[in-house]
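Q: Chains as they are written, first to last, in the numbering used here: chain A, 818 to 1035; chain B, 818 to 1035.
Certain hints may be false.
Just so you know, same-sequence chains aren't split out, so a pair can sit in one copy or run between any two.
What the hints assert, rightly or not - Distance condition first, Cα-Cα at most 20 Å in a straight line; then the derived SDA-like pairs of lysine to any residue:
1. Lys845 <-> Glu857
2. Lys973 <-> Arg925
3. Lys982 <-> Arg924
4. Lys823 <-> Lys977
5. Lys977 <-> Asp998
6. Lys973 <-> Ala915
7. Lys928 <-> Gly987
8. Lys938 <-> Asn911
9. Lys823 <-> Ala1026
10. Lys938 <-> Ala915
11. Lys1027 <-> Val1007
12. Lys928 <-> Met950
13. Lys982 <-> Ala863
14. Lys849 <-> Met955
If you're looking for bench data, these hints aren't it; they were derived computationally from the structure.
Everything numeric in this text was worked out from a predicted model, so none of it was measured.
Number of protein chains: 2
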Amino acid sequence: MAEERKISMAVVRRLPRYYRYLGELLQKGVNKISSRELSEKMNVTASQIRQDLNNFGGFGQQGYGYNVEYLYEEIGKILGLHQNYKMIIVGVGNLGQAIANSNSFSRRGFKLVGLFDVNPKLIGMSIHGVEVMDVDRMEQFVKENGVEIAILTMPKTRVKETAEKLAQWGIKGLWNFSPVDLFLPENVQVENVHLSHSLMTLAYMISEAKIEEEKERH
Amino acid sequence: MAEERKISMAVVRRLPRYYRYLGELLQKGVNKISSRELSEKMNVTASQIRQDLNNFGGFGQQGYGYNVEYLYEEIGKILGLHQNYKMIIVGVGNLGQAIANSNSFSRRGFKLVGLFDVNPKLIGMSIHGVEVMDVDRMEQFVKENGVEIAILTMPKTRVKETAEKLAQWGIKGLWNFSPVDLFLPENVQVENVHLSHSLMTLAYMISEAKIEEEKERH
Chain A
818 MAEERKISMA VVRRLPRYYR YLGELLQKGV NKISSRELSE KMNVTASQIR QDLNNFGGFG
878 QQGYGYNVEY LYEEIGKILG LHQNYKMIIV GVGNLGQAIA NSNSFSRRGF KLVGLFDVNP
938 KLIGMSIHGV EVMDVDRMEQ FVKENGVEIA ILTMPKTRVK ETAEKLAQWG IKGLWNFSPV
998 DLFLPENVQV ENVHLSHSLM TLAYMISEAK IEEEKERH
Chain B
818 MAEERKISMA VVRRLPRYYR YLGELLQKGV NKISSRELSE KMNVTASQIR QDLNNFGGFG
878 QQGYGYNVEY LYEEIGKILG LHQNYKMIIV GVGNLGQAIA NSNSFSRRGF KLVGLFDVNP
938 KLIGMSIHGV EVMDVDRMEQ FVKENGVEIA ILTMPKTRVK ETAEKLAQWG IKGLWNFSPV
998 DLFLPENVQV ENVHLSHSLM TLAYMISEAK IEEEKERH
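Bound conformation, chain A alone (with noise of 0.2 Å):
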């Protein structure tokens, strides 16, 4: 399997939704279930769902549906949640302490190890038990513990050169919450949330919405 998985980015950003679904249903002690099932839990086609998980070879047997333990545990591994993630936060705002309070992220291995920031108020302070320290200390602190992903919460004037710095310290991904596109080595990920973008999208269904509803009226 490990050979032949170039998958589509499209189904991989499906992933996660198919993983947080089947942990509900393991969590509910549900076993087994079939795509035509979990089509209508996801709202998704099954056809959808059949091809997807097609992807990864197909864990679901015909007239039996799939065992949901394995296909999460699966899922879990093509994600790499399997293994552990060092992670620190550059940029100690409210962003950056609503991402170091939430529980969610530990539970799926990714371990927050130290928070940054430039702001003499904050340095020191502690938040959901890790320190926050001076920016200062951000390279020997990367290198020596390893560190893998960076979640850049920091104001945006500073975002690109903080990004090519990280990278040349060995981080391996870079999860960038501000409106800059980042231009970075090959071997660094990067993930960008642009919070902005999803509220125009919303505005634009809204809109659409809007003509649809004054050409029914017409």
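Starting from the known structure of chain A, fit chain B onto it as the hints suggest.
A: Just chain B now, with coordinates in the frame of chain A:
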């Protein structure tokens, strides 16, 4: 143009990025740009850009390029940004506060008019000039002020119930930050921000990059 503009959501989701880049160009005083130049800046193929923008009748002229301001304005209209949206935030924890404090939304016509929480310590406080109110007052507030968008940054357990009520009260769109899929009447648009999905996608990319590196080593 209004007649035939059913665009795929994949294209729609790329529009905010064009919009952001064009806005930056405008600020720099750039008045026209070729698809090739835009392509280099955005790290998207020129043909992708031409295809995307052709969805809207194509704003470019052969050999001249795109008029930046016109394109910016048109994409803004398509996204529905020429309208103003009244928004409330439900759940004023760190994430809710981070959004309340962001300037980038109000610049684009999204006006925050109310904040709601159940925590007596927060009620009465003012964030970015907006008052935090008791959720008990939400129904009246939404109806009286014609609030169109509600941002859900509250604990997961109460999201479904709150979303259903907001839908009844006439909300047009929900921006949902909790890991809960909402199934609401067709006239209510839902945009989900699943942060944990995004982080899992990053884990996938890191994990894939490691596998590739291993392969190259052997």
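Q: Next, verify each hint and record whether it holds.
A: Comparing the hints with the structure gives:
no.: 1; hint: Lys845 <-> Glu857; result: within (17 Å within a copy, 50 Å between copies)
no.: 2; hint: Lys973 <-> Arg925; result: between (28 Å within a copy, 17 Å between copies)
no.: 3; hint: Lys982 <-> Arg924; result: neither (29 Å within a copy, 31 Å between copies)
no.: 4; hint: Lys823 <-> Lys977; result: neither (30 Å within a copy, 36 Å between copies)
no.: 5; hint: Lys977 <-> Asp998; result: within (8 Å within a copy, 34 Å between copies)
no.: 6; hint: Lys973 <-> Ala915; result: both (18 Å within a copy, 14 Å between copies)
no.: 7; hint: Lys928 <-> Gly987; result: within (17 Å within a copy, 41 Å between copies)
no.: 8; hint: Lys938 <-> Asn911; result: both (14 Å within a copy, 17 Å between copies)
no.: 9; hint: Lys823 <-> Ala1026; result: between (37 Å within a copy, 12 Å between copies)
no.: 10; hint: Lys938 <-> Ala915; result: both (18 Å within a copy, 18 Å between copies)
no.: 11; hint: Lys1027 <-> Val1007; result: between (36 Å within a copy, 14 Å between copies)
no.: 12; hint: Lys928 <-> Met950; result: within (17 Å within a copy, 35 Å between copies)
no.: 13; hint: Lys982 <-> Ala863; result: neither (45 Å within a copy, 30 Å between copies)
no.: 14; hint: Lys849 <-> Met955; result: neither (46 Å within a copy, 41 Å between copies)
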